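Here the protein sequences line up with chains F and V, keeping their order. Just so we're aligned, residue 92 is where the first sequence starts under our numbering, counting upward by one. Just so we're aligned, residue 675 is where the second sequence starts under our numbering, counting upward by one.
Don't read these hints as lab results, they were simulated from the structure. There could be a bad hint or two in this list.
[Said to hold, decoys possible] With a Cα cut of at most 27 Å, we get these calculated DSSO-like pairs of lysine-lysine:
# : chain 1 : residue 1 : chain 2 : residue 2
1 : V       : K996      : F       : K126
2 : F       : K115      : V       : K1005
3 : F       : K126      : V       : K707
4 : V       : K775      : V       : K707
5 : F       : K202      : V       : K996
6 : V       : K996      : V       : K898
[Said to hold, decoys possible] FRET-style restraints, in silico, Cβ to Cβ:
#  : chain 1 : residue 1 : chain 2 : residue 2 : range
7  : V       : D979      : F       : H352      : 56 to 66 Å
8  : V       : K1005     : F       : I334      : 28 to 38 Å
9  : V       : S1000     : F       : K227      : 23 to 33 Å
10 : V       : S1000     : F       : G230      : 15 to 25 Å
11 : F       : K227      : V       : V1020     : 31 to 41 Å
12 : V       : N708      : F       : G242      : 40 to 50 Å
13 : V       : W786      : F       : Y209      : 33 to 43 Å
14 : F       : F170      : V       : M909      : 18 to 28 Å
15 : F       : G242      : V       : K750      : 33 to 43 Å
16 : V       : S1000     : F       : Y209      : 33 to 43 Å
17 : F       : K95       : V       : S1000     : 24 to 34 Å
Note that the coordinates shown come from a computational prediction; the quantities given were computed from them, not determined experimentally. The beta-carbon is built from N, C-alpha and C at its ideal position, and this holds for glycine as well.
One letter stands for each residue in the lines below.
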Amino acid sequence: MNIKDITIIIPLHKFSEDYVPLFKNALNSVVENRKTYKNGELKIMLVGPVDVIEKYDSVASQITDGIERAYSYEQDTDFCTLVNIAAKHQGIADHFSILEFDDTYSDRWFKMASDYFYGNENVSLFLPINVVWSAKLPGQYQFMNEIAWTGAFSNEIGFLDFDGLQDYPSFNLTGGIFNTSDFNKIGGFKPSIKVAFNYELLLRMTKKELKVYVVPKEGYTHVIGRDESLTDEYSKTLTPEEIKKWFDVAKIEYAFTEDRHNGIENIKEEKIK
Amino acid sequence: MNNDIKAFERIDEAIKKLNDKDFTFYFFVVDSKNVPNGSMQYIYQLAKTLSDMEYKVKMLYQLDNEYTEHELKKLKRKEKVIDETRVFTGVGEWLGEEYMKLEHMNISREQWRVSPSDFLFIPEAFSSLMKQTYQLKAPCKRIVVLHNFDYITDFIPFGDEWGTYGIHDVITTTQQHANQIVSVFPYMKTNVLQPYIDESFRKPIKPKKLIVNIVSKNTNDVNKIMKMFYWMYPMYKFVSFRDLRGYPKDKFAEYLQESAITVWIDTETPFGYSAIEAIRTGNIIIGKVPEHTPEWMGDENGLFDNGVWTYDIYEIPTILSKVLGSWMQDKIPPTLYENMDKLNEVYTKASWNENVEKIVKQYIKERIDEFNVIKTTINDKNSDKQ
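Using the sequences and the hints given, assemble the complete structure.
Below is the structure:
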């Protein structure tokens, strides 16, 4: 499939004046990408509760127009639920990407990714190599998703496959370019799975032989450990053992399309790898 | 008088053969044992081009005790150990089987007959062959093929020079070499025949993979660069290196097309086929500048921006980290790509063919002129006597 328009989904859980500069940076990174991405349009879709979206809307309109909105009327406004809502929204393009409001795309990510569309028409998810900054340790950063480019990770260099994922669970899917239809077909994210929801989705995709390719370019800057962020919440509320259990849950749940809300209660200590 | 008539007949016969393309271009070669070698590549390409132009071509080599075909078959049938030093392997596996289809002859075993209308091309390193053919009064025209200037000084005995062996013609790969040889042997007639890069080295349609090639003849260089890079830049430990030594040409081209960056170290090369091949396939080259800067890499004003060059091998890991970082962010300066593209316009097969034809026709004409001068000299001598 020839990739043209891409919807940038920005999940918005709650509003704070402190978030506004971060949100502006995120939006500006999309605007910057529009200068070089020539395959189609980069549309923006804000997704979240009505009151939250309305507050961000006024900020967004100062930067760009034509923003779409997908409202969440559910009680849960977690990241996975919001992305699933947006992916099913009628205004979504054939492909979408997820941008967290406190992250940014690199200036030329979509252009760089589009160079890799040719010859990879059957790929369901193009991931960038993410640059991960620690909010707690300024100046320190690392790559994520880059493992696909090591010689022996998978059967084909650059691709993630089910076998390779068995031994390495650490991936970040924000910034990636998803095939909307494939994402919805396999059931989207599973909101009940904490920490390991990215991993579970990748296992499910690769088990169903959907192709996941890591474009060997720095495409997205992801901040971890920011106060009140999801990663911060996990680090405060989950013990290392519980985190391991969630990854074990992912290894069980990938076989099911629907979210079965199976928690870590049933994972026994001895089963933890 | 009878002798003169015979001489006239022989000269006329030689001229006729030259006009009728009824002569042979002989090329002396060494067994590269399937190890890629720029000098042999150049000679085989020249021979193949002449063969394609329907000239007679024969490759000569010298191998004492070479197995006969029968002996080889017998050894293989009986599954006995084959002494590889007694086998002429050639260039088939790395350069292509079409080059091994050129007629080959072992002059240690078969008698090599040569006529005045023939030409013998001798690689610059073989001063011994230049001397032998001079002492044995080989009647053919002898032309040296100069690919690497250092090989001349490495092998020629003290006190000798090419003039001592009656050699006055040389084909060089670059003008720089032509100037260099004339500076030591001022009587040499030079013809510059720039090498060409095979058309299989072209930009791929598919996007580049994040793979770094290393092209070096030396294992120590490969290890040094890889290990230092991983130690100094652990964040890039995911980057895959590919050691491209010893691959056949087709595979070499395929790997270059796949990858994004190539580290190239060949300090002794006079030309640097591999580097240009890598550039042609769209690789960013990080290279150590050879002892003799190839003409495409720089001139008296400095090095060209068609690669990332250094004089210090220990700088390569740091340069590589910077190039990688820029490549991963699409921030390689466009001028680098523009200068790389300029190299696509030179060293083409078309210009090579044109030059080969021009040079060969010139040699044939000069040879005919030489014969006519001899005829005139004999005539003049006879007129004087009368």
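Checked against the structure, which of the hints given earlier come out wrong? 3, 11, 12, 13, 16
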